[in-house]
Structures are given as structure tokens and as C-alpha cells.
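Novice: For the record, the sequence lines run as chains Y and W.
When we follow the working numbering, the leftmost residue of the first sequence carries the number 1, and every step to the right adds one.
When we follow the working numbering, the leftmost residue of the second sequence carries the number 1, and every step to the right adds one.
Hints were generated in silico from the structure; no laboratory data involved.
Heads up, some of the hints might be wrong.
[Stated by the list, open to error] Rough simulated footprint, nothing fancy, chain Y against chain W, three-plus residues with beta-carbon under 8 Å:
#1 92-102
#2 169-183
[Unchecked claim] Calculated pairs, DSSO-like style, for lysine-lysine (alpha carbon to alpha carbon, straight line, at most 27 Å):
#3 Y:11 x W:2
#4 Y:10 x W:81
#5 Y:7 x W:137
#6 W:324 x W:130
#7 W:235 x Y:5
#8 Y:7 x W:235
#9 W:173 x Y:3
#10 W:363 x W:189
#11 Y:10 x W:2
#12 Y:5 x W:173
#13 Y:11 x W:81
#14 Y:7 x W:173
#15 W:137 x Y:11
#16 W:2 x W:137
#17 W:137 x Y:10
#18 W:189 x W:2
#19 W:324 x W:81
#20 W:374 x W:81
#21 W:130 x Y:10
#22 W:27 x W:126
[Unchecked claim] Derived CB-CB ranges, DEER-like:
#23 Y:10 x W:360: 25 to 33 Å
#24 Y:44 x W:137: 42 to 50 Å
#25 Y:10 x W:122: 14 to 22 Å
#26 W:52 x Y:33: 30 to 38 Å
#27 W:173 x Y:39: 23 to 31 Å
#28 W:58 x Y:24: 38 to 46 Å
#29 W:55 x Y:43: 17 to 25 Å
#30 Y:39 x W:142: 17 to 25 Å
We put the CB at the ideal spot given by N, CA and C, even for glycine.
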Amino acid sequence: MGKPKAKVDKKICLACGGCISVCPQDALLMCGGRAYVHEENCISCAICIRTCPVGAISGEAY
Amino acid sequence: MKYDVVVVGSGPAGSVTARFAAESGAKVLIIERRQEVGVPVLCGEGVSRKIDEWNMLEGKRWIAGSMDGARIYSPDGTMVKLSADMAGNETGYVVYRDIFDQELARQAVKAGAKIMMNTTSTDLLKDNDKIKGVRAKQFDEEFEIEADIVVGADGVESKVGQWGGIETRLEPKDLETCAQYTLTNVECKDAYCDFYLGKEIAPGGYAWVFPKGKDVANVGIGVLASLSESGMAKKLLDKFIANNPRLKNGEPIRFLAGAAPVASPVETVRDNLLLVGDAARHVDPITGGGLTCCLEGGKIAGETIGMAIEIQQFDQETLSVYEKNWKEAFGKKLKRNYLVKEILLDFDDKTFNMLADSLKDYKFEELSTLSLIKALVLKHPTLLMKLRPLVKISSETKE
């Protein structure tokens, strides 16, 4: 099992865009009015997780 | 579809750019990924009355309240007051950002711009590296929009810049991550915007209370992303409200998240491409406020585009009139305030208490970050050592 990758809880996300702006891998984008993670680009740095003001992003093992 | 200009994003910077481009004769399309201009609001909704000079908004529906001044509270509660009677007339408004944005979009349409809602840009349209427009998606339909000039007004999370080869990614230390309630059942006995500093309150940022009526206020918080943990902004905001006697009985009628770049501005021009607003990092790095720069920068962008359309030249050199002019208008201020932000981040709570104590009876010439900086330098020659790199910039800058 690899390192946990970022996953956005769509019920909590308020689409502020902060996570997208700090992602070093361009792995996040706005999709359907919520942030969305492209897992294959995510490098498990957790910057987005720490940045989220409402705790909508967590690490999930794949 | 072929336009002279496609503007990605209908926020204030996008709409103002579109308006002034359309007024100078350009055929303009705005695309907006959301289903309603200005919604959801992602903002504290405070703005300087400087925007009055530009006359871009008609009517008063977008105004929630006119402000008489601001109070800054240091970590131990010492208050520094910047009031209208000390500060001439230039104070500010608390606005309804949804109505504010819709009024600016209405002005763009009145000037001749078209708006396409529910439309996301997915990439730039290129022909051998030359930008020819954007690829877009509306519901399940994908299509191309051709344009001589693409304007990236796509906010803090801007992709347009990156697609065009401009590095817009932010370091966590250059982003404020924010949360805000609009609370009712709170006491707003005067028209002051309040700012609260302190490592326990808001690491690398501040909490704010902006009144929107007798018993309604925006109560929010910004935390520097490099000092944040998951969900910290909301948790600290809840704590701030619970600990504040004036706010603790408030009930929320709105909750929102936000992200404000507090970075040095990026390059804003490429062949066939401009960045405006938050996408261009046109935000005051000390306050995180961006509306004045977005409006002023948008006007400059729109006028530059008008000129480029007239001479039918869309290369970087032609469009760099925009970059030159925004740098002249507010570039130095952003640069100076970025350096001040870096210095302020090194101050501990004790230093903020000491500074607030020394400024508590100070008569400010005007309500601005510049007058605060001037006061600090005047009162604390020792701090001048740290602020020395700014003195030159600051003496050159007129706000």
C-alpha cells in the first residue's frame, strides 16, 4: 500500500480554491463546484490538507 | 465562436476588464464556471472608499454599511483606533459581494460584453504554442472559443496563468486560508471594522468583525497556510467567537471559506494573454484585501486591450502597457507591503502589544496600511533597522 493521497470530502468543501493554489503538483482542480484531486498526480505532501480552512481534505490510502 | 477577448471568470477583476475592453470597442465574452455571478461569496466584504473615485458601481444596493473607521486590537487587547475624523474622508464600506459582483457584471454587459454561465475553461486553445483562445466545457458539451486575447481572471486558484507559462503557484507562506460566519444577534453599536491580532487568535493572520447592520456582522479569520493545520481556520474562528462576549450569542446565517493570496505579484502578460485580480496576485499582502487593486487593475487591463484591438497587435510587448501601468498605480505598494508582511510575521505577541501601546493615542493622517507603517517607523527608530529596505520604496510611493 502506498502513501495516503489527498481526498476531498465534497460535503464539507466550500470551493475556496486555497488547496488548488498551493498544490506543488497541479494535482487539484475545481470540478462541479468542489475541489477534486487527481490521484495519479498527488505526491502525498499534505500541503492541501493543512491548508484547508474547514478540514475537508484528508489522506486516504489506496 | 470567435471573439476579440475571452475573459475567464466574472469576479470584479474579470468584469471590470471586460467592461473597459468592451467600451473601447472590443468584442468580449466572459465565461463563468459558477451558476450565479458573485455566488458563493468568498470574501470578508470590506473595501476602501477609494473605489468611489472610479465611479464603476451605480446605486447603493451593494453597500451594507459605510464605515467610520477601524480598530486594531493587539494580543493583550490594546486598541489602536483609525477613525474618519482623524483620517479625512477615506474610510470604507462593508459590501454585499454578490450584489457588488453582479453590478460590475451588469456594467460589463451594458458596455457590450456577453456572459456565458456554467462554463469552465479546461485549457488554452493553442496553435503551435500561439494562444488562440480557450477550450471550454458547459455541462457535457466541450467546445472551443477563439479569441485574440485571453484574460485569466480565474481567481486565487488560477490555471490560465499556468497554462500560459506563468508560474502562479503559491507557497503556503503566501496564502491566507480563511473562514467566515455572517452572524446575527450580535451587537454592532458603531460603524467600525475591528481587527484582532495574536498567535493564539490567528497565527500569521488576524480575526475580523465587519458590521453589516445593527445586529449583523461578518466575523472571520485568516490563518497563514504555512502555520495552518487541517480545519484550523474554522476551529480558531469558533473559539474566537465563543470567547468574545459581543459575539458569543450570535447565530450564523451564512458560513463561507476563502483563500487570499498574500504574495508578490507575478508577471501578468504573455503573447495573447493577461492575468488580472487574484490570479495576478493583486492583493495587499498585509490585509489580504484585493478589491481596490482588482478594480484599478481591471480598468488598466481593459483599456490596454482596447488599444491592442485597435492596432490589432496582441504580442507581449504591446500588452505590457498593462503591466507597466498597474505597477505604476499600485505595484510599489504591493511590493512594499509584501516586505512589511514578512517583517510582521517575525514579531511575537509581546512586540505587537508594545507597538499597539505606543500607537494607542496616535493621530493617523489617513486610514491606510501606509500611514500605519509610517507611524511605526516614526515611533520606533530601532525597528527602522528592519524596515530600512522599505524606507526608499515607501518614500517613492503615493497612495
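Novice: Take the hints in turn and mark each one as holding or not.
Specialist: Hints, verified against the model:
no., hint, result
1, 92-102, "violated (count 0)"
2, 169-183, "holds (count 8)"
3, Y:11 x W:2, "violated (38 Å)"
4, Y:10 x W:81, "violated (42 Å)"
5, Y:7 x W:137, "holds (24 Å)"
6, W:324 x W:130, "holds (23 Å)"
7, W:235 x Y:5, "holds (24 Å)"
8, Y:7 x W:235, "holds (20 Å)"
9, W:173 x Y:3, "holds (25 Å)"
10, W:363 x W:189, "holds (23 Å)"
11, Y:10 x W:2, "violated (35 Å)"
12, Y:5 x W:173, "holds (22 Å)"
13, Y:11 x W:81, "violated (41 Å)"
14, Y:7 x W:173, "holds (22 Å)"
15, W:137 x Y:11, "holds (24 Å)"
16, W:2 x W:137, "holds (16 Å)"
17, W:137 x Y:10, "holds (21 Å)"
18, W:189 x W:2, "violated (54 Å)"
19, W:324 x W:81, "violated (36 Å)"
20, W:374 x W:81, "holds (15 Å)"
21, W:130 x Y:10, "violated (36 Å)"
22, W:27 x W:126, "holds (20 Å)"
23, Y:10 x W:360: 25 to 33 Å, "violated (47 Å)"
24, Y:44 x W:137: 42 to 50 Å, "violated (29 Å)"
25, Y:10 x W:122: 14 to 22 Å, "holds (20 Å)"
26, W:52 x Y:33: 30 to 38 Å, "holds (34 Å)"
27, W:173 x Y:39: 23 to 31 Å, "holds (27 Å)"
28, W:58 x Y:24: 38 to 46 Å, "holds (43 Å)"
29, W:55 x Y:43: 17 to 25 Å, "violated (48 Å)"
30, Y:39 x W:142: 17 to 25 Å, "holds (23 Å)"
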